[in-house]
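Peer 1: Below are the chains, spelled out letter by letter.
There are 2 protein chains.
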Amino acid sequence: MRIIKDTTPLADGFRMPGEFEPHEGCIMIFPERSDSWQYGGYAARKAFVEIAGAIAESEKVTVCASAKQYDNARALLPEAIRVVEMSNNDAWARDYCPTFVTNDKGVIRGIDWGFNAWGGLEDGLYFPWDKDNAMARKLCDLMDKDVYDHRDFILEGGSIHVDGEGTCLVTEACLLSKGRNPQLSREQIEQQLREYLNVSTIIWLPCGIYQDETNEHVDNICAFTAPGEVVLAWTDNQEDVQYEMSLACLRVLEQARDAKGRKLKVHKLPLPEPVCITKEECKGLDLCWDEPTRVPGERLAASYVNFYIANKHIVMPGFGDPADEKAKNILQELFPTREIVQIYARDILIGGGNIHCITQQIPSERL
Amino acid sequence: MRIIKDTTPLADGFRMPGEFEPHEGCIMIFPERSDSWQYGGYAARKAFVEIAGAIAESEKVTVCASAKQYDNARALLPEAIRVVEMSNNDAWARDYCPTFVTNDKGVIRGIDWGFNAWGGLEDGLYFPWDKDNAMARKLCDLMDKDVYDHRDFILEGGSIHVDGEGTCLVTEACLLSKGRNPQLSREQIEQQLREYLNVSTIIWLPCGIYQDETNEHVDNICAFTAPGEVVLAWTDNQEDVQYEMSLACLRVLEQARDAKGRKLKVHKLPLPEPVCITKEECKGLDLCWDEPTRVPGERLAASYVNFYIANKHIVMPGFGDPADEKAKNILQELFPTREIVQIYARDILIGGGNIHCITQQIPSERL
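So the protein lines, in turn, are chains Z and P.
The first sequence: position 352 = 352 (the numbering used here), numbered continuously.
The second sequence: position 126 = 126 (the numbering used here), numbered continuously.
Bear in mind the hints are in silico, worked out from the structure with no lab data behind them.
The structure displayed is predicted, hence computed values, not measured ones.
Be aware that one or more of the hints could be misleading.
[Claimed, not checked] The calculated SDA-like cross-link candidates involving lysine to any residue, where the alpha carbons are at most 20 Å apart (straight line), are:
| hint | chain 1 | residue 1 | chain 2 | residue 2 |
| --- | --- | --- | --- | --- |
| 1 | P | K131 | Z | N72 |
| 2 | P | K145 | Z | D71 |
| 3 | P | K145 | Z | E273 |
| 4 | Z | K131 | P | K105 |
| 5 | Z | K68 | P | N133 |
| 6 | P | K68 | Z | F127 |
| 7 | P | K105 | P | A75 |
| 8 | P | K60 | Z | R137 |
| 9 | Z | K145 | P | M143 |
| 10 | P | K178 | P | G119 |
| 11 | Z | K145 | P | A75 |
| 12 | Z | K68 | P | W129 |
| 13 | Z | K68 | P | F127 |
| 14 | Z | K68 | P | K131 |
| 15 | Z | K328 | Z | Y344 |
| 16 | P | K5 | Z | P78 |
| 17 | Z | K145 | P | E24 |
| 18 | P | K5 | Z | D71 |
| 19 | Z | K60 | P | K145 |
| 20 | P | K68 | Z | K5 |
| 21 | P | K131 | Z | S87 |
| 22 | P | K5 | Z | A80 |
| 23 | P | K131 | Z | D71 |
| 24 | P | K131 | Z | R82 |
| 25 | Z | K145 | P | E79 |
| 26 | Z | K68 | P | D130 |
| 27 | P | K145 | Z | P128 |
| 28 | P | K131 | Z | A75 |
| 29 | Z | K131 | P | N72 |
| 30 | P | K60 | Z | K131 |
| 31 | Z | K145 | P | E59 |
| 32 | P | K68 | Z | P128 |
| 33 | Z | K5 | P | D71 |
| 34 | P | K145 | Z | K5 |
| 35 | Z | K145 | P | D71 |
| 36 | Z | K5 | P | A75 |
| 37 | Z | K60 | P | I3 |
| 38 | P | K145 | Z | A75 |
| 39 | P | K68 | Z | W129 |
In isolation and in its complexed conformation, chain Z is listed as follows (with noise of 0.2 Å):
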C-alpha cells in the first residue's frame, strides 16, 4: 500500500463511481458496542448477518470483526463471506472504511478522510474513536490498495453521496457542521469535495432526518438511483417536524442542474410511520459516557432511503409499518434488473442508522 500524499483523485484521473455501477465486493463490520446495540451487540449481529448474507448473493462481502468477536463473527457467518480480524470502536462501515475511487484504467484506489465519530469533542457520539479512524488505511493495505491520505479533512461516507458522472448530493446541517471541519468555508469543503471524488457539482441539501444524530447525513434521506434521477424520503403529514424539512430538500432538488446539465427527477419514497424506541429497548442498552444512549419515546431517524444497491439486488430496510410495502414496490420500479430484499432492521435502526450506514461497496476492476 502506497500513501498518497502529494497529489488527489482529480489531479490523478479518478472519480468515485455511482453506488448503482459494478461492485467488486462489500465491506461491514460486526457489531459489539454495548451502548449503540442493544444487550451487548446481540440484536443487532442477528440482523447484520441477515444483511450480509443478502448482500453476499451479489458480491464478495468481507466482515471486520474485532479479536473479541472473530470466532462468533467466523460462526454466524456464511463460508463464502469473508471474515477479518480487525480493531473498532462500532460498526459505521460506510462512514469509515474507504471511500473508493476509480481510473479508466480499472485501477482502485481508497481515500483516508479523517474520521472523528461524527463530530468529535463538539457533538460526536463516543469518544475515542481512533479505531475507526485507522480501519480506511488498514483496509486498504489488506486489500493491497494505494490510499490518499486525507485525514486532515473530516468526512464520512454517510455524508456524501454521488451519481459518478460528476454530481454530488450533500447537507448543510452535516458538512457546515461545527464538529468536522469548521476552519473551512462552504467553498473550502466544495474544493474537497471536487479534488476527492471528482465532481463538479455540489447540490447542498439544507437537512436531512429530524434527529439524525449524524448531523443528518445525506444517504438518510436522498440518493441516487441512477445518474439524473433520486429517491427523496417523504411524508406527506404536514403535522410531522419531518414535513417542512423534506419540503426543504425537494426545493432544491427541483431548482438543481446536475453536472450533466440534467433536471433531476426526484421520486418520493414514503416514511414509515414514527418509530421510536421503547422502554424495554432502553434497557437493553448500556451507558455512553456515563449516560443513557437513548431514551424512552425517542425518535429514531427511521428512513427507507438507507438500502445498499448491491450488484443483483437492493438491501433495503423494513420496519414492520404498511409504508413497508409501498417504498419496496417503489424500489422495484427504480432498479428493475436488481431484487429488493427488504430486512426488517429495527435492530440496526437503534443504533443510529441503518443498511446503508453499516455498508460500503467497492467498485469493480472490470471495466
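Fit chain P to the known structure of chain Z by using the hints.
Peer 2: Only chain P this time, still in chain Z's reference frame:
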C-alpha cells in the same frame, strides 16, 4: 473460504511444493511476546523488520501484527510490505501459519494442522496457544483460500521439509514426541504426511540440533536445497554433543533413497561455535509461567540451516562467527541464481528459532 473436512490433498490431487519452487509471497508475524523476546520484543522486531525487508525484495510479504503492535509494525515496515491485524500468542509463522498445497491447475489451498505450542501440556513452551492455533484458518480466510481442517493432528511447519517430488524429511525426536500425537504409531503418522503433503517417501532423521526446544525440528538441522540435495548442519568437533547427532543424521541420509529413487547429495553446512545466552541477555526476558525462559550460559540452537528460500534471495542467519562466511559461500554455490542475504540473527535465536521458523511461503499460482 471453504473448510474441507472430508477429503485430503492427496485425494484431491494437491501436493506441497518445495520451498525452492516459485512463491506468491511470504507470511510473517510481528514479535512482541516478552518472555520469548528481549526487551518486550524490541530487539527481535528490529531483526524481523530487516528480514521482512530482505524477503520483500523477492516477493510480497504479509506481516501479521496484533492490535497492540499494528501501528508500530506499519510504521517500521516499508510500504511495499502488507501489514494485517491478527491476534497471536507468538511469532512463529512457519509453525502455525498454513502449510500450502497446490494442484496442477495452480489452485492453492491451506492445511490447518493442530498446534499446541510444541508439546502442549506435556512439554510445550507456553500456554495458552489458542491464538496461534487459529491463525492458519484466519489467513486462509483472509487470502480467500480453501483450507483442509486437520486440527486433530498436531504438526508444526518447521517439523517437515519436502522436495516437492514426493519426499519428506522429518525427525523422530519431534514427530514421535509425547506431546504431539502420542496415540498414533509411526506408521499412522507417516500416513498423515502421505495424505496431506502428498508424499510417498518419508525420511526419518533421528534427531535435530542439540537443545532445540521444538523437540528438534528438522528445519534447523537439514533442508532440501533442490530435489535430491540437502544441507546438513555439521560440526567436525567430536567433543561437541552435536557431533554424534549430526553424524546419526548423516548416516540416515547416506542410506536414504528419495521418492524418485535417487540417492541424496548431502552438503555439510558448518555450525557456528556454540552460541550461549549471556546473563545480560537473560535479564531482557520476562518470566514465562513464573520461571525464567532461559538461564545464563544456556546453549542456543544456532544453525545456518534455518534459512528462508525467497524467489530471488536466500535470507540466512549470521551469528558473528567465522563460520558465517563459510556457510554463506556454501549456500551461494547451492543457489547460484539467488543472492544470499545474511542477517545477524542473535536476537531471533534467543527467541528459540531462526529465519526459517519465522517465515512461511505461499506458493505461486502461476504454473
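Peer 1: Against each hint, give a clear statement of whether it holds in the structure.
Peer 2: Against the structure, the hints:
A threshold of 20 Å between alpha carbons decides the hint, and for K131 of chain P with N72 of chain Z the separation of about 14 Å falls inside it, so the pair holds. Between K145 of chain P and D71 of chain Z the CA atoms are separated by roughly 18 Å; this keeps the pair inside 20 Å, and the hint holds. Among the hinted pairs, K145 of chain P with E273 of chain Z is inconsistent with the structure: their alpha-carbon atoms are about 46 Å apart, more than 20 Å. Of the supplied pair hints, the one linking K131 of chain Z and K105 of chain P is violated, its CA atoms being roughly 40 Å apart against a limit of 20 Å.
Proximity of K68 of chain Z to N133 of chain P is assessed by CA-CA distance (about 15 Å); at most 20 Å being required, the pair is judged to hold. Taken as a hint, the K68 of chain P and F127 of chain Z pair is honoured in the structure, with Cα atoms around 18 Å apart against an allowance of 20 Å. Using a Cα cut-off of 20 Å, the hinted pair K105 of chain P and A75 of chain P is violated, with the two alpha carbons roughly 38 Å apart. A C-alpha spacing of about 18 Å is found between K60 of chain P and R137 of chain Z, which places the hinted pair at or below 20 Å, so the restraint holds.
Annotation: proposed proximity of K145 of chain Z to M143 of chain P holds, straight-line Cα distance about 15 Å (limit 20 Å). Restraint check for K178 of chain P and G119 of chain P: satisfied, since their Cα atoms lie roughly 7 Å apart, inside the 20 Å limit. Taking the CA atoms of K145 of chain Z and A75 of chain P, the gap is near 17 Å; set against the 20 Å cutoff, the hint holds. Among the hinted pairs, K68 of chain Z with W129 of chain P is consistent with the structure: their alpha-carbon atoms are about 16 Å apart, no more than 20 Å.
About 19 Å separates the Cα atoms of K68 of chain Z and F127 of chain P, which keeps this hinted pair within 20 Å; it holds. Under the criterion of a C-alpha separation no larger than 20 Å, the hint pairing K68 of chain Z with K131 of chain P is consistent with the structure, at around 11 Å. Distance hint between K328 of chain Z and Y344 of chain Z is fulfilled; the C-alpha atoms sit about 12 Å from each other, no more than 20 Å. Under the criterion of a C-alpha separation no larger than 20 Å, the hint pairing K5 of chain P with P78 of chain Z is consistent with the structure, at around 16 Å.
Between the alpha carbons of K145 of chain Z and E24 of chain P the distance comes to roughly 17 Å, so the proposed pair stays at or under 20 Å and holds. Of the supplied pair hints, the one linking K5 of chain P and D71 of chain Z holds, its CA atoms being roughly 19 Å apart against a limit of 20 Å. Note on K60 of chain Z and K145 of chain P: the hinted pairing holds, with a Cα-Cα distance of about 14 Å set against a maximum of 20 Å. Restraint check for K68 of chain P and K5 of chain Z: the C-alpha separation of about 26 Å exceeds 20 Å, so the hint is violated.
As the CA atoms of K131 of chain P and S87 of chain Z are separated by approximately 16 Å, the hinted pair is consistent with the 20 Å bound. Using a Cα cut-off of 20 Å, the hinted pair K5 of chain P and A80 of chain Z holds, with the two alpha carbons roughly 16 Å apart. Note on K131 of chain P and D71 of chain Z: the hinted pairing holds, with a Cα-Cα distance of about 11 Å set against a maximum of 20 Å. Using a Cα cut-off of 20 Å, the hinted pair K131 of chain P and R82 of chain Z holds, with the two alpha carbons roughly 18 Å apart.
At roughly 11 Å between alpha-carbon atoms, K145 of chain Z and E79 of chain P fall within 20 Å of each other, so this suggested pair holds. Taken as a hint, the K68 of chain Z and D130 of chain P pair is honoured in the structure, with Cα atoms around 13 Å apart against an allowance of 20 Å. For the proposed pair K145 of chain P and P128 of chain Z, the alpha carbon gap of about 35 Å is over 20 Å, so the pair is violated. A hinted pair counts as satisfied when its Cα atoms are at most 20 Å apart, and K131 of chain P with A75 of chain Z qualifies at roughly 16 Å.
Simply put, K131 of chain Z and N72 of chain P have alpha-carbon atoms about 14 Å apart, close enough for the 20 Å limit, and the pair holds. Distance restraint check for K60 of chain P and K131 of chain Z: the Cα-Cα separation of roughly 26 Å exceeds the 20 Å cut-off, and the hinted pair is therefore not satisfied. Of the supplied pair hints, the one linking K145 of chain Z and E59 of chain P holds, its CA atoms being roughly 17 Å apart against a limit of 20 Å. Restraint check: the Cα-Cα separation between K68 of chain P and P128 of chain Z comes to about 16 Å, which is no more than 20 Å; the hinted pair holds.
For a cut-off of 20 Å, the pair hint linking K5 of chain Z to D71 of chain P stands: about 19 Å separates their Cα positions. Under the criterion of a C-alpha separation no larger than 20 Å, the hint pairing K145 of chain P with K5 of chain Z is inconsistent with the structure, at around 34 Å. A C-alpha spacing of about 18 Å is found between K145 of chain Z and D71 of chain P, which places the hinted pair at or below 20 Å, so the restraint holds. Restraint check: the Cα-Cα separation between K5 of chain Z and A75 of chain P comes to about 16 Å, which is no more than 20 Å; the hinted pair holds.
The straight-line distance between the Cα atoms of K60 of chain Z and I3 of chain P is roughly 17 Å, inside the 20 Å bound, and the hint therefore holds. Of the supplied pair hints, the one linking K145 of chain P and A75 of chain Z holds, its CA atoms being roughly 17 Å apart against a limit of 20 Å. Restraint check: the Cα-Cα separation between K68 of chain P and W129 of chain Z comes to about 16 Å, which is no more than 20 Å; the hinted pair holds.
Consistency note: the structure conflicts with the earlier hints numbered 3, 4, 7, 20, 27, 30, 34.
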